[in-house]
Amino acid sequence: MADNPASADTDDEDAGRRDFLVLAATAMGAIGAASFVWPLIQSMNPSAEVLALSTTEVDLEPIESGQAITIVWQGKPVFVRRRTAAEIATAKKDDSADMRDPQTDAERAEKPEWLVLIGLCTHLGCIPLGQKATDPKGEYGGWFCPCHGSHYDTSGRIRRGPAPTNLPVPPYAYLEDNKILIG
Amino acid sequence: MSTDSQWKNPVIRWVDDRLPIFTYLDHEYQQFPMPKNLNYFWNFGALASIVLVVMVVTGIMLAMQYTPHVDYAFDSVERIMRDVNYGWLLRYIHMNGGSMFFIVVYIHIFRGLYYGSYKAPRELLWMLGVAILLLMMATAFLGYVLPWGQMSYWGATVITKMFSAIPFIGDWIVTLLWGGFSVDNATLNRFFSLHYLMPFVLFGLVGMHVVALHVTKSNNPDGVEMNGPQDSVPFHPYFTAKDAVGTGFFLIFFAYFVFFAPNFFGEADNYIEANPLQTPPHIVPEWYFLPFYAILRSVTVDFWFISAKLMGVILMFGATMILFVLPWLDTSKVRSARYRPIYKFVFWIFLADCVMLGWVGGQLPEGIPLIMGQVGTVYYFAHFVIVLPVLGWIEKPLPLPTSISEPVTGGGGAVPGATAAKMEKP
Numbered sequence: 024m025a026d027n028p029a030s031a032d033t034d035d036e037d038a039g040r041r042d043f044l045v046l047a048a049t050a051m052g053a054i055g056a057a058s059f060v061w062p063l064i065q066s067m068n069p070s071a072e073v074l075a076l077s078t079t080e081v082d083l084e085p086i087e088s089g090q091a092i093t094i095v096w097q098g099k100p101v102f103v104r105r106r107t108a109a110e111i112a113t114a115k116k117d118d119s120a121d122m123r124d125p126q127t128d129a130e131r132a133e134k135p136e137w138l139v140l141i142g143l144c145t146h147l148g149c150i151p152l153g154q155k156a157t158d159p160k161g162e163y164g165g166w167f168c169p170c171h172g173s174h175y176d177t178s179g180r181i182r183r184g185p186a187p188t189n190l191p192v193p194p195y196a197y198l199e200d201n202k203i204l205i206g
Numbered sequence: 172m173s174t175d176s177q178w179k180n181p182v183i184r185w186v187d188d189r190l191p192i193f194t195y196l197d198h199e200y201q202q203f204p205m206p207k208n209l210n211y212f213w214n215f216g217a218l219a220s221i222v223l224v225v226m227v228v229t230g231i232m233l234a235m236q237y238t239p240h241v242d243y244a245f246d247s248v249e250r251i252m253r254d255v256n257y258g259w260l261l262r263y264i265h266m267n268g269g270s271m272f273f274i275v276v277y278i279h280i281f282r283g284l285y286y287g288s289y290k291a292p293r294e295l296l297w298m299l300g301v302a303i304l305l306l307m308m309a310t311a312f313l314g315y316v317l318p319w320g321q322m323s324y325w326g327a328t329v330i331t332k333m334f335s336a337i338p339f340i341g342d343w344i345v346t347l348l349w350g351g352f353s354v355d356n357a358t359l360n361r362f363f364s365l366h367y368l369m370p371f372v373l374f375g376l377v378g379m380h381v382v383a384l385h386v387t388k389s390n391n392p393d394g395v396e397m398n399g400p401q402d403s404v405p406f407h408p409y410f411t412a413k414d415a416v417g418t419g420f421f422l423i424f425f426a427y428f429v430f431f432a433p434n435f436f437g438e439a440d441n442y443i444e445a446n447p448l449q450t451p452p453h454i455v456p457e458w459y460f461l462p463f464y465a466i467l468r469s470v471t472v473d474f475w476f477i478s479a480k481l482m483g484v485i486l487m488f489g490a491t492m493i494l495f496v497l498p499w500l501d502t503s504k505v506r507s508a509r510y511r512p513i514y515k516f517v518f519w520i521f522l523a524d525c526v527m528l529g530w531v532g533g534q535l536p537e538g539i540p541l542i543m544g545q546v547g548t549v550y551y552f553a554h555f556v557i558v559l560p561v562l563g564w565i566e567k568p569l570p571l572p573t574s575i576s577e578p579v580t581g582g583g584g585a586v587p588g589a590t591a592a593k594m595e596k597p
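Chains A and B are the protein sequences, given in the same order. Under my numbering, read the first sequence as residues 24 to 206, first letter to last. Under my numbering, read the second sequence as residues 172 to 597, first letter to last.
Bear in mind the hints are in silico, worked out from the structure with no lab data behind them. Be careful, since some hints might not be right.
One side of the interface only, derived from the structure: several residues of chain B facing chain A at Cβ under 10 Å [what the hints assert, rightly or not]: (1) Met235; (2) Tyr257; (3) Ile264.
Pairwise CB distance ranges (calculated) [said to hold, decoys possible]: (4) A:Thr49 to B:Ile278: 26 to 34 Å; (5) B:Thr573 to A:Gly52: 56 to 64 Å; (6) A:Gly98 to B:Trp259: 23 to 31 Å; (7) B:Phe212 to A:Arg41: 24 to 32 Å.
Ideal Cβ positions, reconstructed from N, Cα and C, are used throughout, including at glycine.
The whole structure should be built from the sequences, with the hints applied where relevant.
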């Protein structure tokens, strides 16, 4: 912008005072504007009723071996699969395989029989297929994401496709032998 | 392609040669000549545009949380107050912003009335302003319906019902506005849509208002035009700084109500959910509609073939519509009330009349207030159709200064060289 002609002939002893006033006023204006923008932006973050702690209890009793169920926790699908002995064996055997996100099966399942995963593909968030008996389970017998073709194994680890990490394990705890609390 | 660009920064120059946005800003703000005798009453246009921006910004954020459905509207506003982060702040800013908007705009209007800012060559500037006022009123009304409280519901009923006073097609129009046989979900739904639309139409009108202002330049307290550079100072930094001072004080005033008296301007009954089976006993419109409301209620007798109902509606709309023709009703050639001894007096009577009508609008229309409302209504129109035209003929104005500089320097000519030369330089 063009120079302001009026500022050129300001007396030297006045210049400091003016600079101070301009700086102080601008600083106050900036702080004021920022403190107006802050609540505007914050209002878009999760509101109190959304933040209200969400936990979900799951009764494992009715799930047969080889069966999987999907439950909703904080709006997300959570996969609970009661794995067969063969699936557990495959998962453990693959612990040493070459993987993008190396993890042992023991790190991922507290009790080998029960695998609990957040059922969102780590690529771009679709729900992988493999929960139903008729679903394609992918090349590694776990889950297959139809959106961009990611393959997960019987431990929910990424084995092929664009997804960067394994299916995450949500925080959960055994309340009783056959009941877990997710969250 | 222009090569004589004044811009040294190559990026700015590149852009400016293709889209002269910097030249435009420089011309319209850095160099734009403002009369140098403007007082603080000339701050209120800038304040109004600031409130418009605040309303649009907070409104968009509120629309992210609000549900325009009769079953959820009231609760969704309560959810904004309780659960949404800073939702109470957004809602109170938006709610009080409506009142601030009208405070600022009413002062802006009476500034124009006092200093003759509607007179040639600023008639179109003034008429655009009246259109802005009408649209503001419509927008504020539509917004007030959204929380779906008792005042929302009955306000919506009453205001839409005004159209039923139109002969023959009135009832058809009302049904069209409602989208049903009463104010219901269809009404709320479309009011939400229109309340979102209107502010952007307002932006367009405000843009035209500013363009018209930049063609005719600002009026000033003396009401005489600028004769040359000695009468003006550039908008920036002189009036950007002065507007900033006014804005500072205004925001303190605004913040006081938002934080310490957020419900001062509101009606308690709007915290009761809408009930289509009961009109609250104390139904009053928002304060900024009260004078017009008083005019509506003052007509209690039929005029020949015009029913009292229709006449009330005509006069109420006429009270704003008459402002459109004000530039031609005021026959005086002198702009500023400073040099119009009788008009100056009449102006304050008119202002007092408007305030009185506002008070009457808040009272029950019986006894003394009813009579005051009727007298006030008659005077309101008499001011425009009798007093102003006649004053132009009979009033003897005081001698006008020959220039804006004259009252200061005692002479109309050039001001001491240094200052004048400096002004011409940019």
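Outcome for the supplied range 24 to 32 Å, where the beta carbon pair is Phe212 of chain B and Arg41 of chain A
Holds, since Phe212 of chain B and Arg41 of chain A (Cβ atoms, about 27 Å apart) stay within the stated range.
Just to be careful: measuring from the Cβ of Ile264 of chain B to every Cβ in chain A, is the smallest value less than 10 Å?
Since the shortest Cβ distance to chain A is 9 Å, the answer is holds.
Can you tell me whether the CB distance of Thr49 of chain A to Ile278 of chain B sits inside 26 to 34 Å?
Hint holds: Cβ distance 27 Å, inside 26 to 34 Å.
Should the hint that Gly98 of chain A and Trp259 of chain B are 23 to 31 Å apart at their CB atoms be regarded as holding?
Given range 23 to 31 Å: holds, Cβ gap about 26 Å.
Does the nearest C-beta of chain A fall within a distance shorter than 10 Å of the C-beta of Met235 of chain B?
holds, 7 Å
Min Cβ distance, Tyr257 of chain B to chain A: is it shorter than 10 Å?
holds, 3 Å
Please check whether Thr573 of chain B and Gly52 of chain A have a Cβ separation lying inside 56 to 64 Å.
violated, 40 Å
Consistency note: the structure conflicts with earlier hint 5 alone.
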